[in-house]
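**Q** Grab the two chains, each in its own frame, and use the hints to assemble them into the complex.
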Amino acid sequence: MDNIYSSDLMEIYKDPSFKGTLSAATNRVDGHNPFCGDQVHLDLMIVDGVIQDARWQGDMCFVSSIGAEFLLEAVIGKHVEAVQTFDQRQLLDLMGLNLSTSRIACATLTLKALHEALDEYQKANNG
Amino acid sequence: MLESALIKLDFPLFSSHPDLVYLDSAATSQKPQVVLNALLDFYTHSNANVHRGIYELSEVASGLYEQARARVARFLGATSAQEIVFTSGTTAALNLVAYSYGSQVLHEGDEILVADFEHHSSLLPWQRVAAQTGAVLRMVTSDDNGQIALDVWKNSITAATKVVVVAHASNVLGTITDIRSLADLVHRVGAVLVVDGAQAAPHLAVDVHTLDCDFYAMSAHKMLGPMGVGALYTKSALLEKMVPYQVGGGMIEEVTATTATFATGPAKFEAGTPPVAEAIAWVAALDYLEAVGLEAIRQHEVALSEFLLAELQTIKGLRILGPKQASQRTGLVSVAVEGVHAHDLADYLSREQIAVRAGFHCAMPLHHNQHCGATLRASYYLYNDKQDLVRFIDQLHKAINYYG
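Here the protein sequences line up with chains A and B, keeping their order.
Residues in the first sequence are numbered consecutively from 1, following this note's numbering.
Residues in the second sequence are numbered consecutively from 1, following this note's numbering.
Fair warning: there could be bad hints in the mix.
[To be verified] Listed below are the simulated SDA-like cross-link pairs for lysine to any residue, each with C-alpha atoms no more than 25 Å apart in a straight line: (1) Lys-316/B / Tyr-5/A; (2) Lys-235/B / Ser-62/B; (3) Lys-324/B / Gly-339/B; (4) Lys-316/B / Asn-98/A; (5) Lys-112/A / Cys-362/B; (6) Lys-14/A / Glu-3/B; (7) Lys-112/A / His-368/B; (8) Lys-14/A / His-397/B; (9) Lys-398/B / Asp-15/A; (10) Lys-398/B / Asp-59/A; (11) Lys-316/B / Ser-100/A; (12) Lys-316/B / Met-10/A; (13) Lys-398/B / Gln-88/A; (14) Lys-398/B / Lys-112/A; (15) Lys-14/A / Leu-318/B; (16) Lys-386/B / Glu-3/B; (17) Lys-14/A / Ser-62/B; (18) Lys-112/A / Lys-386/B; (19) Lys-398/B / Asn-98/A.
None of these hints come from the bench; they were simulated from the model.
Bound-form chain B, shown alone (with noise of 0.2 Å):
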């Protein structure tokens, strides 16, 4: 297990808030100093846009962000820089994948595949693009255990599919997706793989060299790093095939009053300017977690994950949903309580100054097909110990027996 306690030292937030035990990494991470130092060091020392100016400080920013860039595909395992394009997080990704590639690429009759436990800034920008092309818009169910097996994206992919989305990790199962072997299942046809890595990147050593994915889609907010800045991961042969989803300033190449030309590489979706100190600060969050590890992030993960849900099993009526095998999912759990509604379980530990988020998740059809209505998530990180975990369950304990 991680040294937990000293780990929270470096996040002020928990300072501000010493009795917070804090369950909701999974919606976004808490900060490190290092971090919010680096955004404060950014707008102190080399604030000035990127890519507009000759002077020197501009010249500055400019190599900063693009090494921001190179540090981001080298957390990725990407071959090159060029394969990143930063984004404002991963709905701005996903949605620019649907956008830039799926709606160029995408006629009627064709398939696109989605799993059912896709995040609704998952599942949107495909139903929107099916629209548009006719394209078939294709839910693949997950199981009783909320896993959907190779077998059955096998029986689902076909001659027509052309597109299939999911998730690395669900933001509510905690389901653990294995990206090669049904990127390997999707290739054998000719489609592509778009993978949202929101709940991944933060918690598994992610190379998507070997997921052999096409797409990869995440947000710095989730994985230590600041909010409104988050990339996507593109194959370079399918980056040329892709349109932009916005026009405007920074990604020109020569425009007269009625036509424009566009820059290569992913300048070419970067329009207007883009968040800059946030880029450059999320590099300090990714140097903090290698600092860290991610391999013992995950073991420390798993640890906490089998002590919940050894926990959890013991509570009657209690509904864990999800695989029941802690290697299985990342580190997060959510539960039903037979009678007893969530968002007043979450408004109980709220009381008890313990985050949870209670809902559904951004996960509608995911909820209507395991039969449930809203569930009460824990999701845990590198600065959460057991003891978090043992007053959550104290305090959940107490607020079934309140409501029951």
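Next comes chain A alone, as it looks inside the complex (with noise of 0.2 Å):
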């Protein structure tokens, strides 16, 4: 088998748009995902309520990058409500890839920790 995945997603993966850091981000989070051990971080930059930018850094498999780039793709310019409504299904979908449930936990480590982060700053901001 020479192609497991399309050569679309491992260019992103192998060169991708959203990884690195932001040095104004105004929200920073760590996802870990302890069936690997795989750490994801992410960098936010929110203002006004809207994602202006986003980064994640990581050492993380082909799956978890691919997801980590849909996201950001997805969410960057998007307001903060709108993103925490945006689910795993959703990602999965932009995605397209057949994942088995093992697999899922990697795609959607970079989702779970922008929820945490996005929950932290709606307390921040609301409380």
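**A** Written as structure tokens, this is what we have:
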């Protein structure tokens, strides 16, 4: 088998657009996948309730990396409240991969971290 | 080498999946037809609960169950069947030691020593007992070769040491521990040695008398037997000091509304209906293993390890965990590939019908100490042949190129 993933995805994996850090981040969070130990560090810049920019950093597997890329592409420029309802199913649909149960945890690692960061943001700004 | 192609014919799963390369026997082994037959036979001809009825069928079932206990005792070289407690598996056996023995004898300031390559099921019960009793849990670190030298143990064991916990064989590194030499050190300070035998009993001829350990835990399902049954060997003098982990039916002497006295011997630790059919079918697995011969299985696995280690050493950026010599490990090899995640490798291999495990293998502290993330583990047994490993290596090369 030479191509288990499409060449488009392989390009994203090898040359990610949203990997890195934001020096002007307003919110930072770490996510953790206990199954394999992968960790993601997520930087967000949220201004007036809108995610202006975001970057992920981590030494992660293919599925986790693609999950982070598709997620950030989808949420940058959106309002926090809209992103809070963005769920696992929507992310998996965007990725278009047929994943086993154990690998869904890889795909959604950054999503879980993002939700945690947004919950904290809401608490800090509404409390 | 064993005639693995012929052995495979005894395992029906390989007929259902003719293209499967099964390299995850360290997680669970496949089961030969004789074990499946034994389960069916019990439920077809002998099913009744044990130690309860006076009718004939119950006595038959009880007899078979006790014969299974005696068979496990003989397999391990125990002095008597009374030294064997049936459990649901190694995890339950290790929890039983920690609760029933550890929580009784440990006090504040006492030390528990645990090897850093312990499976979580051999570490977490002692973390809890330490927290409950005030004992100190200390981890003994393995070296770059995945081994703990006897001198390191010697320097770690002190007068305060009361319990030493070690895997006979590591489920990640494959490292085989010299149990007898360690037992001598442990006994010199009056401590006890608890051995997790889950990864050793299926692969090595074990004789608890020679090893002189105080506790030895194992699971049937990793040695061709059914899931749901395992055993704890305990030296009889210690068994008497232990309190039951669970209480209920089948383990009592006399019960009043407010009090109870307990049965003696292993029954005290087997509250509730035990895994009777599974214990009886385990006998068929042990018979099968001994018919093939533990020594022959060992030689077969060492030959496979030699081949695999030599092939893996030629792969650039691949790190082999544990001892480099095949003779110092059981039938498994874990690797980390620089720049490629173990999950991705396992995923690729899975699509080629190759079953391997990726992750931390329930040994997170070890991966931390060995400075690596998730690893890829190939584990093999009597039914695997060189051809299985050739397919694994071929596809591993392709997977690394694909992601690299």
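**Q** So which of the earlier hints does this model not fit?
**A** The structure conflicts with hints 4, 6, 11, 13, 14, 17, 18, although it agrees with all the remaining ones.
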